[in-house]
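Asker: Chains as they are written, first to last, in the numbering used here: chain A, 1447 to 1599; chain B, 1447 to 1599.
There may be inaccurate statements among the hints.
Because identical chains share one entry, a pair is satisfied inside a single copy or across any pair of copies.
In silico DMTMM-like cross-links for lysine to aspartate or glutamate, where the CA-CA straight-line distance does not exceed 25 Å [claimed, not checked]:
#, residue 1, residue 2
1, K1464, E1484
2, K1512, E1550
3, K1464, D1586
4, K1555, E1544
5, K1555, D1540
6, K1512, D1561
7, K1512, D1539
8, K1555, D1506
9, K1552, D1568
10, K1512, D1568
11, K1460, D1586
12, K1460, E1516
13, K1512, D1586
14, K1552, D1506
15, K1512, E1472
16, K1460, E1550
17, K1555, E1472
Bear in mind the hints are in silico, worked out from the structure with no lab data behind them. Bear in mind that the values here come from a model prediction, so they are computed numbers and not experimental data.
Number of protein chains: 2
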Amino acid sequence: MNFRLMSIGQLAQKTGCKVPTIRYYESIGLLSAPSRTEGGQRRYGDSHRVNLTFICHARDLGFGIKSIHELLSLHDHSATEDGIKDKTLHRADDIAREHLLEVEHKISKLSALRDELRSMIDACHSGETRSCQVMSVLADHQLCHHRHGVEPQ
Amino acid sequence: MNFRLMSIGQLAQKTGCKVPTIRYYESIGLLSAPSRTEGGQRRYGDSHRVNLTFICHARDLGFGIKSIHELLSLHDHSATEDGIKDKTLHRADDIAREHLLEVEHKISKLSALRDELRSMIDACHSGETRSCQVMSVLADHQLCHHRHGVEPQ
DNA sequence: TATAAAACCTCTAGTAGCTAGAGGTTCAAG
DNA sequence: CTTGAACCTCTAGCTACTAGAGGTTTTATA
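Could you put the whole structure together from the sequences, leaning on the hints where they help?
Answerer: Next up, the structure:
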């Protein structure tokens, strides 16, 4: 079933990954180099499509290139050696957990930020004083409702 | 009160901004160039401290450099020309609103992601099948519970 | 006043994860 | 056989810094 080889453009279409991005992934060793035509153009088989789909999906879920590297090598090992399948799955699980923690952390930081922005903006339109708080809040950390790092003095 | 000039290290301490970052902000024109000693070292006055505090605070709230550039020029205008204070505040308000939208967008994307990661991880430990879903979900978008861009075909 | 250490200086390159453009070649359809 | 789309490599650019090399200035102490 590997008869039909794909050009890079066709692979891009099938995976939803952009052409320069595919070349980039090859350049950093994330996607293996495909065969070439006599003229030097890339021709991909089905295994490339599967791997690239994996990569794009993981990227879309926010995994970093390093993590994907590791996930891919787990993938390859688990495909070839049955004995270590359990370890593989545990490691994959760990990577996903780490990533989940990062995501949760980002969410909580952004939520605090959102609240702060909202209260800054709300102050522009509430009641008698028509003065906008945005500038003064930014100029003076003391006016903040949340703690977020900047503590001058 | 501008008697005591600060070294870059002292300014860093007072603002919570790192020394190389201060030099970086100067290099991109975000913070104005300070006076120098005969030996060529930077010496900052109080206005620099105020401006840098503003910058650091805005960065910490996630504003981009471009937005801060604009906010700073609004700041300067509003300090010099009273007539345009209203416009200034409106524009500051707009920038904050735009930023709020971005933040809200990021939060909703990350939340979907978090749910997906959680369900992937949960599948590793629930019930009879001890097989971890992490790898197979990544390999096959169809197994996803959420829509997030990658739609192969 | 001499010395030594801490802080400062400039410059270049690196980080993540691509994207854009220049300038040239190959492929596939008609 | 021609044409135009798709391909090729290479370099540079994006955000917002950070790290390091190699050298100079300042400041505190003896």
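Asker: Does each hint fit the structure? Answer for all of them.
Answerer: Verification of the hints:
no.: 1; hint: K1464 x E1484; verdict: within (24 Å within a copy, 54 Å between copies)
no.: 2; hint: K1512 x E1550; verdict: within (19 Å within a copy, 27 Å between copies)
no.: 3; hint: K1464 x D1586; verdict: between (44 Å within a copy, 19 Å between copies)
no.: 4; hint: K1555 x E1544; verdict: both (17 Å within a copy, 18 Å between copies)
no.: 5; hint: K1555 x D1540; verdict: both (23 Å within a copy, 22 Å between copies)
no.: 6; hint: K1512 x D1561; verdict: between (33 Å within a copy, 22 Å between copies)
no.: 7; hint: K1512 x D1539; verdict: within (15 Å within a copy, 39 Å between copies)
no.: 8; hint: K1555 x D1506; verdict: both (21 Å within a copy, 10 Å between copies)
no.: 9; hint: K1552 x D1568; verdict: both (24 Å within a copy, 21 Å between copies)
no.: 10; hint: K1512 x D1568; verdict: between (41 Å within a copy, 23 Å between copies)
no.: 11; hint: K1460 x D1586; verdict: between (51 Å within a copy, 13 Å between copies)
no.: 12; hint: K1460 x E1516; verdict: within (24 Å within a copy, 42 Å between copies)
no.: 13; hint: K1512 x D1586; verdict: between (39 Å within a copy, 20 Å between copies)
no.: 14; hint: K1552 x D1506; verdict: both (16 Å within a copy, 13 Å between copies)
no.: 15; hint: K1512 x E1472; verdict: within (14 Å within a copy, 33 Å between copies)
no.: 16; hint: K1460 x E1550; verdict: neither (32 Å within a copy, 31 Å between copies)
no.: 17; hint: K1555 x E1472; verdict: neither (34 Å within a copy, 28 Å between copies)
Hint violations for this structure: numbers 16, 17, all remaining hints satisfied.
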